[in-house]
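K.L.:
Add chain R to chain P, keeping to what the hints say.
If you read the sequences in order, they're chains P and R. Just so we're aligned: the first sequence equals residues 532 to 852 in my numbering. Just so we're aligned: the second sequence equals residues 1108 to 1559 in my numbering.
It is possible that part of the hints are untrue.
What the hints assert, rightly or not - Part of the chain R face toward chain P, derived, beta carbon under 7 Å:
hint, residue
1, ILE1158
2, TRP1159
3, PRO1162
4, VAL1208
5, ALA1209
6, ALA1223
Treat the hints as calculated values from the structure; they're not laboratory data. By construction, the Cβ of each residue, glycine as well, lies at the ideal position given by its N, Cα and C atoms.
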Amino acid sequence: MSTTTPQTATRAETAAPGPTRPVLAVDLVTDPALVGRFAALARRLEEAGAGALTLSDGGLHPIHVAAHLAPVTRAVGLLPRTDAVYVEPFHLATQLMSLDHISHGRAGWLVHAQTDPSVPATVGRSPLDRAATAREAADVLETSRLIWDSWAPDAVVRDTAGGKYLDASRLQYADVEAETFSVRGPAITPRSPQGLLPVLVADADRAAAGERVASELADGRVLDLDLRSGTDGALEAVAAAHEEADGPVVRLVRVVGLDLGADPLGPVPELIDALREQGLIAPAPVVGTSLREQLGLPPAPYHPDPVRRADRARLTREDHS
Amino acid sequence: MTSTATSPTPLSAEAAALATGPAEHPLHPAHTPTGQLAFGAFFQGVNSSTIWRLPESGDQVAWESFESLIRTAERGRFAAFFLGEGLRLREHRGVPFELDVAGRPDAQTLLAALAAVTEKIGLVATQNTTYNDPVDLARRLQTLDLLSGGRAGWNIVTTDNAWTGENFRRGGYLDHADRYIHAEAFVRVAEQFWRGEEIAHEGAHYSVHARGDLPRSAQGRPVLFQAGASPAGQDFAARTADVIFSPHGGLEAAVEFRRSVVERTIAAGRDANAVKILPGAEIVLAPTEAEAEEKIRWVRDLQIGPEQAIALLEQYWGRDLSEFDPDGPLPDVPPEVSESGVTRGAGFQFAKAEELTRSWREEAAEKGQTILEFARVKAGARRGSFSGSYETVADRLAEYARLGAIDGLNITPWLIPSGLDDIVDELIPRLQERGVYPDEYAGSTLRENLGL
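Chain P extracted, bound-state conformation (with noise of 0.2 Å):
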C-alpha cells in the first residue's frame, strides 16, 4: 500500500472489547446441486439458533449465494469465503457492501487467499509466491476497506432548496496505490449499514492470507468444528479456545461438514443448543442487530481524510479564483 494513503480503520478500534462469546456459524458449500434447496436450509439453521452463514466456494459464486439468502432469513449473518487476491479489488469490495446493504447489515467477510495454482490464468495473471499472496491479501483487504468508507453515512442530502442530491464534500477518493494494482474510488455504492464490514479470517486458512491479514488487518479469527470428524471434543475444543490470551480473538465458531446427502442439519441442532447451555457461544441473534454487533465489534464510523475528499478539484478551483 502506498505510504501517503492513511488507514480507514485500525486495529486497536476495530478490535475493542466486547462480548468474547463467539458466534455460532455453519457452513454452507455453494454447490450447484443444492440450487432449489438452498433457501429451505437457510431457514432451518437459523431457526435452530444458528448466528450466521458462511458460504464456502463449490462452485456458484459465494456472495451472489449469501445474497439469495439473505431476503429468506431475518437475522443471521451472512459471510461469504472468498479470494482476495486473484480478483479486482474494485469488483470484489462493491459486491461485498452491496450484500450489507441488501441484507441490512448482516454482511461479513471471511477473507481467503487463493493459492490453487490454476487459480491464477483464469483472469490472466500468473501465481504470486507464497509472500507476494500475502502481500496482495492485505493490499486488497485494505483497499477494500477504504471503498467501503468512502462515503459519509449522510452523503445523500437531497437539499431540495439547493438543488443537490448528494454532497460530494461528503465523499473521499481512496487513491489507492498498491503494488499490483491501483484504484481511485470513491465507491459507487453509498455507504452500506456497517460502514465495514466485519472481516475474519478461518484457522485453515491462516497461513496463506498471512500473520499481516490473519493477526493485524483481520477482526478476528474462525475457529472451526469439523463435522466429519464427530462432535465429541467440539465443547472442549471451543472452551480452550477462549483460554487462549494470546492472538486475535475468536468471533466465529464455525460448523462445516454438513453431510446435506443425510439429514440435512443433522447433529447441528443439538451442537448449538449444547454450546449454548455451556455459554460458549454467543445468544441467538435478534432481528435488527447487525453483524457488528453480533461479533461485538464497535461500530464502524465514517474516517474523513481533508486529502482524499472528493470535492478537491473545486476547492482547488476556488483556492485559485
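P.N.:
Chain R in isolation, oriented as in the chain P frame:
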C-alpha cells in the same frame, strides 16, 4: 400469449406509409412481426430521469425500493427487470456529480437476492467487458441463471475510457476502436464457460485458461442484451446478442432501426427474427390527453431543476456557466473544449462542442427558450416518447407491435418505487384488450418470456 385479440385495427396513415410489404412482413420481406410486446423495467439509479425531489421519491439503495418495484413489474407480467452499471461515479468538472440520483448496489449481487422473492421475471445485469474478467463474470452470470431457474440476462456494455479504468487493475488498456473486438472475444470465452468447455484464449491484451464447471441452466445460458446503437454496436449485436436495448423511440426511427438490424442479422448468417428490439422509454400517463400534457410538464420540471439545466450546458460548453441565469437565454460565450468531456461517465461527450453549442443557441433563440426550458426539452427528447392518455398510448403501442417496429419497451420509471403502478394498472390491461401484451407469462425462463 393472449388469443383474445379483437379484429385488427387498420394501421394509421403514418404507420401505413412506413410499411413496404404485406401485413405479415410490413417492414422487411424476411421479418415477421410477432404482434406482441414484452416490457422491461429499468431501475436506473443515475441520470435526471429519476425524480428525487418529491416526498414519495424512495431510497435509491434500500432493498425495499427494489423489492417493491420488481413485485409491481412481475404483477404486470414484465419480461425483465434491468439494472444499469457505471464503474466510476459520474463526475462534473472533476467532482462527483451532485445534482442527480447516484450510487447503486452491485447489479448481480442485488439480482441474486431479488431472484429469491420473484418467480417469473427476468433479471438483467448490465456488465462491462473491458473491466471484468470473462471467466469470473461468466461464473457470476451462470450463478444468477442457476439460482433464478433460468431468468438471467446480461446487458453487454463496452465502456473503455481510461478514467473508468483508474478503478481497475488494467487501467485504460483498450483502444476505443477495439472495444467491440475485445467484447466479442470476451463473450466467446463466457459462452465456452457456460458450455462447460476447456478455455484456452490467447487475446491481444491477456490470456485465459480455465474450464467451465457449472451445469447448464434451465434456459441454456443467460440471454444476451446489447445496448450500443452505433453501426459497430449493431453489427456486434447482430452477430452476438438476443436483444438490442435501443435508444430509438419515434415510429419512423424505430422502423429504420428495425430494418437496419434485420439486414445486419441476415448478413451475420442468423435468422431475420433472431434479434429482439426493446427501445428505452419513459411513459407518463393520465386519464386524458390534456392531463397527460400537464403531467409531462410537471415531471420535466421535477427532473430538471435550474442547477441541472446549467450543468447540462456546462457538459457541452466545458466551462463554468454558473453566472448565467437559468431563466435567461443560452450562454453567448464559446465553449472551451473541442471534445466535450466535462461530465465524465455520461456517455455523450464526443459531440463537437463548437458546432453543437452554436446550433443550440440558434435553436433556443428561434423558439424563444430560456436555458431551463431548453434543457427540459433536450432531456425529455432523450427519454422516448410514449406519453399521453391511457387509450392513446395503448393504441400507439399496439400499432408499433403490429407493424413489428419493436418487440417491446425497456421502461424507466420516473419515480421509485411507485413509477410502474399506472403502467401496470391502466396501460397493460388496455394492451391486453388489444391482444398485444401477454395475459400470463409464457414460461418461467427469460428466454421463453421474450419469445426467443
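K.L.:
Hint validation: ALA1223 (chain R) versus chain P, beta carbon distance must be below 7 Å. Holds or violated?
P.N.:
holds (5 Å)
K.L.:
Does the interface hint hold: is PRO1162 (chain R) within less than 7 Å of chain P, judged Cβ to Cβ?
P.N.:
violated (10 Å)
K.L.:
Per the CB criterion, is ILE1158 (chain R) less than 7 Å away from chain P?
P.N.:
Constraint on ILE1158 (chain R) not satisfied, violated at 10 Å.
K.L.:
Return the status of the interface hint for ALA1209 (chain R): holds when the least beta-carbon distance to chain P is below 7 Å, violated otherwise.
P.N.:
Hint holds; ALA1209 (chain R) Cβ to chain P Cβ min 6 Å, cut 7 Å.
K.L.:
Checking hints one by one. Is TRP1159 (chain R) an interface residue toward chain P, by the C-beta closer than 7 Å rule?
P.N.:
Nearest chain P Cβ about 5 Å off; hint holds.
K.L.:
Under the criterion of a CB-CB separation shorter than 7 Å, is VAL1208 (chain R) in contact with chain P as hinted?
P.N.:
Hint on VAL1208 (chain R): holds, closest Cβ of chain P at ~6 Å, below 7 Å.
Consistency note: the structure conflicts with the earlier hints numbered 1, 3.
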